[in-house]
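Number of protein chains: 2
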Amino acid sequence: MTISLPSPELIASFAEIVGPANALTAPADAAPYLVESRGLYRGTTPLVLRPGTVEEVSLIMRLASQTRTAVVPQGGNTGHVAGQIPREGKADVVLSLERLNRIRDIDPVGNVIVADAGCILEDIQKAADDVDRLFPLSLGSEGSARIGGNLSTNAGGTAVLAYGNMRQLCLGLEVVLPTGEIWDGLRRLKKDNTGYDLRDLFIGAEGTLGVITGAVLKLYPKPRGHQVAFAGLRSVEDALMLFDRASSLCGPALTGFELMPRLGIEFTTRHIAGVRDPMETTHPWYALIDISTSDSADGAERMVQDLLEAGIADGLVENAVIAQNEAQRKALWHMRESMSPAQKPEGGSIKHDISVPVSSVPVFMAEADALVSKAIPGARICAFGHMGDGNIHYNISQPVGADKQSFLDRWREINAIVHAVVLKHDGSISAEHGIGQLKRDELAAIRSTIEIDLMRRIKHAFDPAGIMNPDKVLRED
Amino acid sequence: MTISLPSPELIASFAEIVGPANALTAPADAAPYLVESRGLYRGTTPLVLRPGTVEEVSLIMRLASQTRTAVVPQGGNTGHVAGQIPREGKADVVLSLERLNRIRDIDPVGNVIVADAGCILEDIQKAADDVDRLFPLSLGSEGSARIGGNLSTNAGGTAVLAYGNMRQLCLGLEVVLPTGEIWDGLRRLKKDNTGYDLRDLFIGAEGTLGVITGAVLKLYPKPRGHQVAFAGLRSVEDALMLFDRASSLCGPALTGFELMPRLGIEFTTRHIAGVRDPMETTHPWYALIDISTSDSADGAERMVQDLLEAGIADGLVENAVIAQNEAQRKALWHMRESMSPAQKPEGGSIKHDISVPVSSVPVFMAEADALVSKAIPGARICAFGHMGDGNIHYNISQPVGADKQSFLDRWREINAIVHAVVLKHDGSISAEHGIGQLKRDELAAIRSTIEIDLMRRIKHAFDPAGIMNPDKVLRED
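Those protein sequence lines, which keep their order, are chains A and B.
The letter at position 99 of the first sequence is residue 99 when you use the UniProt record's numbering, and the numbering goes up by one with no holes.
The letter at position 374 of the second sequence is residue 374 when you use the UniProt record's numbering, and the numbering goes up by one with no holes.
Just so you know, these hints were derived from the structure itself, not from any lab.
Some clues are possibly wrong.
For identical chains, the list gives no copy identity; a pair is met inside one copy or between any two copies.
Lysine-lysine pairs mimicking DSS-like chemistry, simulated, CA-CA at most 25 Å apart [stated by the list, open to error]:
(1) LYS351 / LYS424
(2) LYS191 / LYS351
(3) LYS424 / LYS191
(4) LYS126 / LYS330
(5) LYS374 / LYS344
The model shown is predicted, which means the values in this text are computed figures rather than measured ones.
Construct all of the structure, not just a fragment, from the sequences and the given hints.
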């Protein structure tokens with residue numbers, strides 16, 4: 001289909017729905033909505049709309065449907081695959097959910113919170129905390145990411161091991177369909193087997209099937225015990241064996257098991273204010289182990305001691321520290337969260353967000369390292385991440401002194417090398433960030449014809465006019 | 001569409017795919033596949049096919065697609081809503097997965113098992129146990145239910161509180177589509193955000209979108225501590241408060257919180273061999289509390305003690321026993337599992353499988369009880385189930401001495417009364433059993449037009465010819 005540039009009259013009709021103050025057309029006003037954090041994609045738009053109610057979202061989609069206007073829903077604009085960025089050279093209207101940011105209800109006995117899609121993740125965490133509950137989704141950008149985006153990308157983060165990703169944390173959804181109709185699926189039920197799973201279809205669809213406007217999210221009792229340990233390890237193999245021991249010993253109390261390379265510790269201590277190496281010894285690899293227990297602080301303390309003692313006795317752990325207080329726990333997590341930003345001052349970084357079966361992490365790392373080092377001698381591999389989920393952020397910093405742009409020009413080539421190893425081990429080329437524009441064509445290339453065809457059929461069934469975040473996830477045909 | 005009776009030639013072509021021994025046409029051979037356990041539905045079929053490989057399933061569906069023959073997939077035939085039973089008076093071919101029962105792979109380090117859809121649930125549990133792992137799905141019919149059916153109905157059971165239902169226990173699927181094409185989605189990944197969630201669409205679709213032929217299921221470390229307690233309670237309100245305390249104290253170690261009424265204890269002790277009342281005192285309500293801990297048996301012991309002491313101190317628990325050994329733990333669970341069979345000797349029973357938000361269980365029970373008792377004076381309400389999931393099997397035994405058939409004739413009328421209360425509290429009319437034929441028309445009546453329309457669009461996108469388990473979940477149009 002061709003999407004024509006909206007006429008001034010059409011722009012005025014859209015603006016009327018939200019009021020002039022919330023219909024941005026001046027380039028300077030629209031600019032923040034057009035570029036994603038890494039600067040890899042820059043889109044164009046004639047109009048940014050900021051509706052304040054679900055009804056306004058509905059009216060916008062109704063008009064878009066009638067006029068075949070493409071619409072790109074956007075939350076906190078923290079996505080890493082440009083799913084939230086309008087296409088370049090097209091006339092996609094940006095629909096920002098940022099004003100739809102009301103917490104509608106919170107029920108600590110029922111352990112649910114009902115919130116607008118534009119609520120900032122951190123505000124949901126705080127609202128839960130205020131009623132002595134935990135909302136466990138936690139990720140680097142939680143201060144600006146919005147839950148509609150978290151849902152649309154099925155966000156993961158650092159507590160997936162114990163609580164699952166956004167899909168597992170959501171009980172119900174409210175979605176405005178491409179036609180403007182509102183699907184009210186705001187259920188608060190733990191069990192409900194009544195027909196096809198529409199909820200999980202919208203979750204992770206990156207705004208291509210409809211606009212998520214509200215959600216029922218699960219809350220949890222707050223753990224009473226919390227311990228964080230940091231262990232120096234010889235190899236990724238040892239990290240896998242330690243993870244296996246930790247899962248078995250701690251069960252669901254193991255809330256995090258994060259892998260970091262020595263290089264990552266060097267980058268963070270060098271570039272991130274306040275980060276210090278917690279050990280005097282150095283080690284090729286490190287694990288951050290997070291344990292939360294429901295019953296008492298003693299339980300977590302005992303578990304972490306038992307685990308580290310067993311790890312040392314087995315020769316898996318070379319050295320270890322246990323955080324002695326909340327400040328030290330935060331400092332260890334801060335180091336982990338700084339792995340990605342600390343790469344910036346080191347020049348260009350080619351990034352991957354991959355997963356493989358947990359037991360294949362060591363062999364994946366060894367094979368990928370060999371191929372990348374061969375392709376770019378001197379490349380500094382800083383692979384870190386959620387070991388317990390098999391999810392590695394396999395990032396590669398440019399060789400020291402290399403030209404940043406010519407290094408970054410090899411992004412697709414290096415992706416192809418790394419993703420070939422991922423696929424060899426039946427892995428995923430996007431473990432938690434989604435497909436968006438960045439990985440769209442690659443997805444089509446690696447998945448079976450029948451799988452892409454099934455996805456297309458769903459897309460056409462929900463959005464026959466192709467106005468809902470077009471060219472994301474799947475290329476429009 | 002009209003589906004015509006298959007010609008002898010077509011039956012012969014189907015039979016050729018699986019071999020004559022596995023193509024049943026004689027009424028006596030087909031009979032066991034045509035009636036479900038409660039005897040509410042009895043279907044008709046010209047042919048039962050028992051393929052032994054995925055390729056045979058594919059060939060069957062290809063031929064069915066070419067000839068517009070309706071096909072009904074069937075696992076262990078333990079479903080409660082007649083989703084697995086062919087329609088009466090039509091010519092649906094039954095496709096039994098029972099010979100597709102091979103465990104393909106088991107990886108204790110990666111914590112996955114890959115199995116054919118026809119594997120019996122209990123065999124999966126045993127295979128996991130053999131490698132010192134737990135497959136947590138557990139339900140009354142586990143000795144005959146097959147995992148393809150468990151997946152197609154998103155089965156729940158007694159460990160949902162800690163481990164979720166089948167949807168949460170499945171990482172990947174293999175599905176034969178209505179055309180005979182095979183979708184290979186047998187992934188072993190904990191995190192994979194690459195496009196629409198096809199897996200969760202097939203899970204719970206009751207065989208109306210394709211035939212599940214294989215699955216990757218999650219395994220867990222075996223808990224080392226296990227305790228079961230049985231508490232006598234004054235009211236459902238007190239049960240809710242005790243559940244709230246238990247969740248908070250035990251966190252994910254709380255693996256079961258089952259509610260039972262006094263009447264259920266009387267029925268089971270009266271009719272089920274070996275069941276004895278574990279207490280000398282009697283109480284209006286009972287909770288079975290199941291606690292599993294990863295680290296040690298001591299942990300579970302301490303938790304259950306702490307919980308019961310707190311419950312008694314708060315006046316929530318009137319009396320309690322803790323199982324002293326594995327035999328006693330099994331006996332308590334056996335009593336719980338016997339709630340449903342124990343109703344049979346008491347005459348007719350009108351059943352419901354509902355859920356409401358957990359905090360609404362007490363008010364739901366009070367309102368439903370009042371309305372049912374008014375409609376059928378003397379009706380004996382034996383409502384029990386998964387309190388922690390808000391999932392109550394709200395079963396009603398006939399009044400003593402009433403005529404069984406005239407009581408059962410009021411099934412739909414009583415369903416309507418109970419389900420109205422469910423809907424008032426934003427609940428579900430099918431928490432874990434699915435829709436099938438039994439609740440199909442009711443689903444269409446209670447859900448919004450847009451929701452039914454979205455489901456229809458998915459059905460048409462996947463099965464345009466309408467041959468895949470037709471008239472289940474949605475009525476064919």
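We went through each hint and held it up to the structure:
no.: 1; hint: LYS351 / LYS424; verdict: within (19 Å within a copy, 50 Å between copies)
no.: 2; hint: LYS191 / LYS351; verdict: between (38 Å within a copy, 17 Å between copies)
no.: 3; hint: LYS424 / LYS191; verdict: between (37 Å within a copy, 17 Å between copies)
no.: 4; hint: LYS126 / LYS330; verdict: within (17 Å within a copy, 42 Å between copies)
no.: 5; hint: LYS374 / LYS344; verdict: within (23 Å within a copy, 71 Å between copies)
The structure is consistent with each of the numbered hints, conforming to all of them.
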